[in-house]
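S.K.: Listed here are the chains, written in short residue letters.
Number of protein chains: 2
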Amino acid sequence: MTRDIPEISLQRLPVYLNYLKSLSGEDNKYISSGAIAQALGMGEVLVRKDLAYTSSAGRPKVGYVRTELIAALEDYLGCNQRKAAVLVGVGGLGRALLSYGGFVNYGIDIVEAYDSDPAKIGMEVAGKKVCPIEELERGVQEYKPHLAILAVPASAAQSVCDMLVAAGIKGILNFAPVQLKADESVVVRHIDVAASLAILASLL
Amino acid sequence: MTRDIPEISLQRLPVYLNYLKSLSGEDNKYISSGAIAQALGMGEVLVRKDLAYTSSAGRPKVGYVRTELIAALEDYLGCNQRKAAVLVGVGGLGRALLSYGGFVNYGIDIVEAYDSDPAKIGMEVAGKKVCPIEELERGVQEYKPHLAILAVPASAAQSVCDMLVAAGIKGILNFAPVQLKADESVVVRHIDVAASLAILASLL
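Just so you know, the protein sequences line up as chains A and B, in that order. Here the first sequence is numbered in my numbering, starting from 1 and rising by one per residue. Here the second sequence is numbered in my numbering, starting from 1 and rising by one per residue.
If a hint is listed, it holds; no wrong ones were tucked in.
Straight-line Cα separation of at most 30 Å, BS3-like style, residue types lysine-lysine; simulated pairs:
1. B/K128 <-> A/K120
2. A/K170 <-> A/K128
3. A/K61 <-> B/K181
4. A/K21 <-> A/K61
5. A/K21 <-> B/K181
6. A/K129 <-> A/K144
7. B/K49 <-> B/K61
8. A/K170 <-> B/K21
Which residues of chain A face chain B? A few of them, derived with a C-beta cut under 10 Å, are:
9. K21
10. A39
11. Q81
12. G102
13. N105
14. I108
15. K170
16. G171
17. I172
18. F175
19. Q179
20. H190
21. D192
22. L197
23. L200
24. L204
Now the stretches of chain B that chain A is said to cover, found in silico as 3 or more residues with beta-carbon under 8 Å:
25. 4-12
26. 88-99
27. 175-186
Honestly, the hints are just simulated from the structure, not real lab data. Glycine included, C-beta positions come from ideal geometry on N, C-alpha and C.
Same shape as in the complex, but just chain A (with noise of 0.2 Å):
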């Protein structure tokens, strides 16, 4: 699914779709592209630009037809098509991801969860199984996921990481505080909760 799309504007995709599903009623069987960018505090060429990435065309005068552009943003994110996704690390995050409900909205499945710790091995957390980390090959090659997300400590996410690759993981989104190496193909991406609050401590 290579596309010509910049990466920064894919990341404001789910924003205008969060905006469009937020309003309702037959007020909003219209909306342009001004009166997204209005509410959003964006440029409204921005806003242009990045939802002519999508299929959607806005109609003069009107714009665009509200739920036609949401779905046009779906099929664009791929909402419709099932994305399984495995999780390594049950921890108070990884239950916290196992137990989200908004990974359907986007049609991602957590098929399996995996753990080091033999406690947490055969729990089931919002109905999915915590199998040995041991097993995570097996596990790939039977749900064949291509996205991990990676909840474990900092000291154990490396190693982990080089197993999640290995076993033929294509796409990582990693918790842990750490920076990931990983073959090129593979896309790693990160979100460190910490210091996203210390950033924002630094703006004020």
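Once you've looked at the hints, dock chain B against the given chain A.
M.R.: Chain B in isolation, oriented as in the chain A frame:
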């Protein structure tokens, strides 16, 4: 704490910090911007420019003294200044964040949590008291936090955001999949975990 650093550079400082902290031993007494750049897959000029925002200066030939650079980054990011924060929404994610040990590395102290569910009031999570949401203003007056973490469902996010702003909070880290509207003087940043994973999937 308004400074000239672009936010995009600021966002990279914790990445350098994590990397430098992951090194250890006498072999790593000095580190050059080139070595940092290579390890993190960035350009050397960019690294040098980012690091120049901190007071640390590399020395010709040998580079930076690693411990000094760590200290300069920690100083710049305010890791040694205690910053009080409150958390609203003690669901799975809220609980995980309350229990997360990583905030202390950045001097962030979550002092109290709030929820609207009577069943959660009076609970303690990781030593933090869960108070009724009605007590938010009292809590802000008592602890003078500048930061708030918003971990409530999407449907409640805007109204809780309004309460936080009215109570005097200046920075909000929002985990709900909603674009929040707040006064311009308030800095709002968004972590949308499901959207991040969907974007990652789009990049594969």
